[in-house]
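Asker: Those protein sequences? They're chains H and P, same order as listed.
Heads up, the first sequence is in the numbering used here, so the first residue is 1 and it goes up one at a time.
Heads up, the second sequence is in the numbering used here, so the first residue is 1001 and it goes up one at a time.
Derived from the structure by calculation, the hints contain no laboratory data.
Ideal Cβ placement from N, Cα and C applies to all residues, glycine included.
Possibly wrong hints are sitting among the right ones.
Stated by the list, open to error - Computed, partial: chain P to chain H, Cβ under 7 Å:
# : residue
1 : 1042
2 : 1065
3 : 1201
4 : 1206
5 : 1212
6 : 1220
7 : 1224
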Amino acid sequence: MSSNGNGGRAALTAGLARVRRSAYLKRLMWPLLVLAALIVVNIAVTGFDFILPSVNDGRLGGAFVNILRRSAPLLLIALGMTLVIATKGIDLSVGAVYAIGAALACQMIMESGNQSSLGLVLTAVALALAVTALIGAWNGVMVARFGIQPIVATLIFMIAGRGIAQLITGGQIPTVDGSSPYTRLGRGAILTVPVPIVIAVAVLVLLALLTRRTALGMLLESVGGNPEASRLAGIRSKGITVLAYLVCGLCAGLAGLIGSANLASADANNGGLWIELDAILAVVIGGTSLLGGRFFLLGTTVGVAIIGTLDDTIINVGLSSQWQFTAKALVVFAVALLQSARFRAWILGPFTRGPSAEAPPETDEPKEVAAP
Amino acid sequence: MLKKTLAGIGAGALLFGLSACGGGDDGDGGDGLIVGFAQVGAESAWRTANTDSVKAAAEADDRIAELKFVDGQQEQDRQIEAVRNFITQQVDVIVLAPVVETGWTDVLQEAEDAGIPVVLADRGVEAADEDLYVTRLGSDFTEEGRKAGQWTVETFADDADGTRILELQGTTGSAPANDRKTGFFEVLDAEGLDYELVDSQSGDFTAENGKSVMETFVTTHGLDGIDLLYAHNDEMGLGAIQAIEEAGFEPGVDIQIIIVDGSAAGFQAGVDGKLNYIVECNPAFGAQLMDVVVQVEAGESVEKFTPVEEGVFTADQFEAELPNRQF
Chain H
1 MSSNGNGGRA ALTAGLARVR RSAYLKRLMW PLLVLAALIV VNIAVTGFDF
51 ILPSVNDGRL GGAFVNILRR SAPLLLIALG MTLVIATKGI DLSVGAVYAI
101 GAALACQMIM ESGNQSSLGL VLTAVALALA VTALIGAWNG VMVARFGIQP
151 IVATLIFMIA GRGIAQLITG GQIPTVDGSS PYTRLGRGAI LTVPVPIVIA
201 VAVLVLLALL TRRTALGMLL ESVGGNPEAS RLAGIRSKGI TVLAYLVCGL
251 CAGLAGLIGS ANLASADANN GGLWIELDAI LAVVIGGTSL LGGRFFLLGT
301 TVGVAIIGTL DDTIINVGLS SQWQFTAKAL VVFAVALLQS ARFRAWILGP
351 FTRGPSAEAP PETDEPKEVA AP
Chain P
1001 MLKKTLAGIG AGALLFGLSA CGGGDDGDGG DGLIVGFAQV GAESAWRTAN
1051 TDSVKAAAEA DDRIAELKFV DGQQEQDRQI EAVRNFITQQ VDVIVLAPVV
1101 ETGWTDVLQE AEDAGIPVVL ADRGVEAADE DLYVTRLGSD FTEEGRKAGQ
1151 WTVETFADDA DGTRILELQG TTGSAPANDR KTGFFEVLDA EGLDYELVDS
1201 QSGDFTAENG KSVMETFVTT HGLDGIDLLY AHNDEMGLGA IQAIEEAGFE
1251 PGVDIQIIIV DGSAAGFQAG VDGKLNYIVE CNPAFGAQLM DVVVQVEAGE
1301 SVEKFTPVEE GVFTADQFEA ELPNRQF
């Protein structure tokens, strides 16, 4: 199947695979360097406490662990977004879907008599996930079946979604008792590791395995690279696209659950506001091209860590709130430039001896292949 | 004896007031005023409470015959259309809560040409259109900040080693955030309080950001030696309270907390002893609005800006006030 689908790529030698792996690492290197630089800045300002975890109430804490915990919803959404972008799509509705998932679960739990019932919480979570997956699938159908441009198709729910969330909550902010098991999703810990981190890492591993250990990843990339050629090669492009949007919606819903569980309330207006933009940013920082056809889940993860750390850095360095957006823009600018092989060649050109120092971007790209 | 005299004077004044109003109404043909109200939308609990208050006040007020209510759904087009309809229907007074500040010149001019006075509620319009409305009834955000500052000065006057303050600002650049900050520090500086602003960041008026910024404050500065948290609204304050609790501290005790707004959730936190002072940002100005509407229609001169009556609440008042909260 995979060899048919991608013109014999599965016949690649082990040597070639190694080259690609190193290229993959190279692509990860720049975002990792930026992340490291941010961490160094924070340590310089606030001391090693920044990076060292501490245990508080049976839960890992400390500045950096907090950043990772708070970044979990963004990571989930960015992972879903990565898959969608791999199909040459984009999903602008994730922030609104986040709000819908949060509103559904919180409203249902609040309206019931016994908030500490585990069965109720599980039902609410299942309902929220089912609805958000359905919304994701709907986006996918609009794109794949009806050929509506992704940015337009998902814009509909981006605009309408918060209205729907408001209808669910009746314009109020539903709150859940702090004692309800629901809040464990956002505040709890498993073996001292905060639950949001556990969930986000589990989803990351699951998606990585699904896309890199099965043919799914290659199919995604092939659909994103050239849907028509993929279809002619026997790949069910439309099904793959719908699946990507469905997973993205599901991830957004899960993120909404974690976010609202953390606050024990769901704000239909502000929950997950503009998170779609941060998610797209994280995907791009991580080296996934918006042109589709290739994607890097690990890169996205590093991108999310950069964005999360950046917010803290601005506070730690003592910049005022007005600087927040400017600082973010500067870092993204730096990462984007560093990732550009042409920019690096232009800057480093005078200092390198051979022309082989930087391969042209075309051959630099680690077109990954799913192992059979 | 004195009490009785005062009561008599009060009753007399009340009667006089009532008859004065009645006389005004008669002049308009009897059955009270018809008021058109173009509301922003239903974008927040505060706004919903505001709408309910205005509707209830109009219902209860004998001087008002009818309130024509239009929900603008946060779109200026709908509001402009609503105002035009009010003009066609020849209502007595138009109340407008403009969703944005600009773009009102034409329709306000039309209202003026039709001889219908316009009262702005809550939000304002750009200064160029100042002549096209009679008055604005709304919150004085600077005054809210001053009230928070006043309590701070009184509470920490004896703090020998200086008062160390954290601040959670509202959305960067928004009027409530700017003014609540300005008013607060204006009083602190004027009263000569020995304070240090340890950190001040935007929490964007949301619980989510309030909590995450507070978490960072805790890891960066610690909470030992921090005396006060000043949160520009209660959503951020409530988020920060969670962060403080999760860090193993006791909000309201280890660190004193002021919030502005005063929703039911905020008061509940106060009753639970998790915060110390609430400055009200009052959406329930329906009754006051009706007074202004009647004054304006009668042609009485009113100030260009009428501040909404807003209270402050200390820890011993939270429990009694909680049942009165409407949002």
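Asker: Holds or violated: the hint that residue 1042(P) contacts chain H, with Cβ atoms closer than 7 Å.
Answerer: Where the cut-off is 7 Å and the nearest Cβ of chain H is about 5 Å from residue 1042(P), the hint holds.
Asker: Given residue 1065(P) was flagged as interface, is its beta-carbon under 7 Å from a beta-carbon of chain H?
Answerer: Violated. Min distance 28 Å.
Asker: Once the shortest beta carbon distance from residue 1206(P) to chain H is found, is it less than 7 Å?
Answerer: Holds: closest Cβ of chain H sits about 4 Å from residue 1206(P), inside 7 Å.
Asker: Is the interface hint satisfied for residue 1201(P)? The criterion is a beta-carbon contact with chain H at less than 7 Å.
Answerer: 5 Å, holds
Asker: Per the CB criterion, is residue 1212(P) less than 7 Å away from chain H?
Answerer: Holds, about 5 Å.
Asker: Restraint: residue 1224(P) near chain H, CB-CB cut 7 Å. Satisfied or not?
Answerer: 14 Å, violated
Asker: Grab the minimum C-beta distance from residue 1220(P) to chain H and call the hint holds if it beats 7 Å, violated otherwise.
Answerer: 5 Å, holds
Consistency note: the structure conflicts with the earlier hints numbered 2, 7.
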